[in-house]
Amino acid sequence: MTGMDAILHGGLQGYLVVALLLFGLGLATVLLRRTLLLQFMGVELMLNAANVALLAFARFHGGDAQAMVFYLFIIAVAACEAAIGLALVIGLYRHRDTTDSDRATSLKQ
Amino acid sequence: MFITFALITLLGALGMLLQKNVVVAGLCMVAAFFGVAGLFVLLANPVAAALQIIVYTGAIMVLVLFVIMMLNSHEEEKAQVSHPVQRWLSVTLIAALAFGAVKLVLGSKGLTALAVTGAEMPQAMTLQKIGTTLFADHLLGFEVAGLVLLAAMIGAVALTKRNL
Numbered sequence: 001m002t003g004m005d006a007i008l009h010g011g012l013q014g015y016l017v018v019a020l021l022l023f024g025l026g027l028a029t030v031l032l033r034r035t036l037l038l039q040f041m042g043v044e045l046m047l048n049a050a051n052v053a054l055l056a057f058a059r060f061h062g063g064d065a066q067a068m069v070f071y072l073f074i075i076a077v078a079a080c081e082a083a084i085g086l087a088l089v090i091g092l093y094r095h096r097d098t099t100d101s102d103r104a105t106s107l108k109q
Numbered sequence: 001m002f003i004t005f006a007l008i009t010l011l012g013a014l015g016m017l018l019q020k021n022v023v024v025a026g027l028c029m030v031a032a033f034f035g036v037a038g039l040f041v042l043l044a045n046p047v048a049a050a051l052q053i054i055v056y057t058g059a060i061m062v063l064v065l066f067v068i069m070m071l072n073s074h075e076e077e078k079a080q081v082s083h084p085v086q087r088w089l090s091v092t093l094i095a096a097l098a099f100g101a102v103k104l105v106l107g108s109k110g111l112t113a114l115a116v117t118g119a120e121m122p123q124a125m126t127l128q129k130i131g132t133t134l135f136a137d138h139l140l141g142f143e144v145a146g147l148v149l150l151a152a153m154i155g156a157v158a159l160t161k162r163n164l
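Protein chains in written order, with our numbering: chain A, 1 to 109; chain B, 1 to 164.
To be clear, the hints were calculated from the coordinates, so they are not data collected in a lab. Since the structure is predicted, the reported quantities are computational estimates derived from the model, not experimental observations. Glycine included, C-beta positions come from ideal geometry on N, C-alpha and C. Warning: the hint list may mix true and false statements.
Stated by the list, open to error - Taking beta-carbon pairs under 10 Å as the criterion, some of the chain B residues facing chain A (in silico): (1) 10; (2) 29; (3) 42; (4) 85; (5) 124; (6) 126; (7) 134; (8) 145; (9) 148; (10) 153; (11) 162.
Said to hold, decoys possible - Covered by chain B, per the in silico footprint, the following chain A stretches (three or more residues, Cβ under 8 Å): (12) 9-20; (13) 24-30; (14) 40-46; (15) 58-72; (16) 83-91.
Unchecked claim - In silico DMTMM-like cross-links for lysine to aspartate or glutamate, where the CA-CA straight-line distance does not exceed 20 Å: (17) B:20 / B:75; (18) B:20 / B:76; (19) B:109 / B:120; (20) B:103 / A:5; (21) B:78 / A:97; (22) B:109 / A:5; (23) B:129 / A:97; (24) B:161 / A:81; (25) B:161 / A:102; (26) B:20 / A:5.
Extracted from the complex, chain A is given alone in its bound form (with noise of 0.2 Å):
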């Protein structure tokens, strides 16, 4: 299976174009828009891809049990970047009231 039909017959090759595409799309959510909720998204989609391409080479090294450790430990690193990412945007909107990244560029008032 090579090329086109392990893309579209979901071989290795296929998942890993899947994560790469994923985390351009994660890339360029963080690049482009401006508000910090959606960038916060971005991030999270960038971790999935990395998911996607872990999780798919374990499955083609014969289901290896380590991956799926290291997969809940980018669950709980993504966690904790929630909890904290958001509470930073609810205190930049108290003090500026905004959203908007580009409206903080610096970090004094």
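Based on these hints, arrange chain B on the given structure of chain A.
Then chain B, alone, in the frame of chain A:
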């Protein structure tokens, strides 16, 4: 099946990128997460699929949607200054990066060999296997993850509370 879930994932992500309304963008993101969960099922990993739905759509996205509604910022604010050069530059760079990486993946001999050697479906991942690996080989990492989660919880409370 693979192409269906891949399309759900990528279209959800694309919808998030293009959507003007932040709440609708969040719901597109939920669709993308469901697509990723479907991909995990196809990878013989139902545990990861369940965790994906419980943690990402159930916890993280609900938290994000709560914050969007609490801050009442459904629409993106008007840009103060437009940066057309930077925007086009980033679009070009991301397109070049994605194109190059996809070309690299499709042309790689090592990946083709790995796809051939691992072609037969492994046994579905079970919680028992994960638990054994987690507590036998990665006990320290597990404890550190718990500590990091606790620190994040305290940090979130300290950051959001008006006066401690």
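Status of each hint after checking the structure:
1. A cut of 10 Å between beta carbons decides the hint on residue 10 of chain B: the least distance to chain A is about 6 Å, and the hint holds.
2. With 10 Å as the threshold, the beta carbon of residue 29 of chain B comes within range of chain A, its nearest partner Cβ sitting at about 5 Å, so the hint holds.
3. At about 6 Å, the closest approach between the beta carbon of residue 42 of chain B and any beta carbon in chain A falls short of 10 Å, and the interface hint on this residue holds.
4. For residue 85 of chain B, the shortest C-beta to C-beta distance to chain A is roughly 13 Å, which exceeds 10 Å, and the interface hint is violated.
5. Because the beta carbon of residue 124 of chain B sits about 8 Å from the nearest beta carbon in chain A, less than 10 Å, this interface hint is met.
6. Annotation: interface hint on residue 126 of chain B holds; nearest CB of chain A at approximately 9 Å, less than 10 Å.
7. Interface restraint check: residue 134 of chain B against chain A, minimum CB-CB distance 5 Å, threshold 10 Å, status holds.
8. Taken as an interface hint, residue 145 of chain B checks out: its beta carbon lies about 4 Å from the nearest beta carbon of chain A, inside 10 Å.
9. Annotation: residue 148 of chain B was flagged as interfacial toward chain A, and the flag holds, the nearest CB pair being 6 Å apart, inside 10 Å.
10. Checking residue 153 of chain B against chain A by beta carbon gives a least distance of about 7 Å; that is within 10 Å, so the hint holds.
11. Checking residue 162 of chain B against chain A: minimum C-beta separation of about 8 Å stays under 10 Å; hint holds.
12. A stretch counts as covered by a chain when three or more of its residues have a beta carbon under 8 Å from one of that chain; for the stretch 9-20 of chain A and chain B the count is 11, and the coverage holds.
13. Coverage of a stretch by a chain is defined here by at least three residues with a beta carbon nearer than 8 Å to that chain's beta carbons; for the stretch 24-30 of chain A and chain B the count is 6, and the condition holds.
14. Against chain B, the stretch 40-46 of chain A contributes 5 residues with a C-beta closer than 8 Å to a partner C-beta. That satisfies the three-residue criterion, and the hint holds.
15. Three residues within the 8 Å Cβ limit are the bar, and the stretch 58-72 of chain A against chain B gives 12, so the coverage statement holds.
16. Three residues within the 8 Å Cβ limit are the bar, and the stretch 83-91 of chain A against chain B gives 8, so the coverage statement holds.
17. Between residue 20 of chain B and residue 75 of chain B, the direct Cα distance comes to roughly 6 Å. Compliance with the 20 Å bound is thereby established for this hinted pair.
18. At most 20 Å may separate the alpha-carbon atoms for a hinted pair to count; residue 20 of chain B and residue 76 of chain B meet this at roughly 7 Å.
19. Simply put, residue 109 of chain B and residue 120 of chain B have alpha-carbon atoms about 19 Å apart, close enough for the 20 Å limit, and the pair holds.
20. This hinted pair checks out: residue 103 of chain B and residue 5 of chain A have alpha carbons roughly 15 Å apart, not beyond 20 Å.
21. Taking the CA atoms of residue 78 of chain B and residue 97 of chain A, the gap is near 14 Å; set against the 20 Å cutoff, the hint holds.
22. A distance of roughly 15 Å separates the Cα atoms of residue 109 of chain B and residue 5 of chain A; the hinted pair therefore holds under the 20 Å criterion.
23. For the hint pairing residue 129 of chain B with residue 97 of chain A, the CA-to-CA distance comes to about 49 Å; that exceeds 20 Å, so the pair is violated.
24. Taken as a hint, the residue 161 of chain B and residue 81 of chain A pair is honoured in the structure, with Cα atoms around 18 Å apart against an allowance of 20 Å.
25. Among the hinted pairs, residue 161 of chain B with residue 102 of chain A is inconsistent with the structure: their alpha-carbon atoms are about 25 Å apart, more than 20 Å.
26. A hinted pair counts as satisfied when its Cα atoms are at most 20 Å apart, and residue 20 of chain B with residue 5 of chain A does not qualify at roughly 36 Å.
Of the numbered hints listed earlier, those contradicted by the structure are 4, 23, 25, 26.
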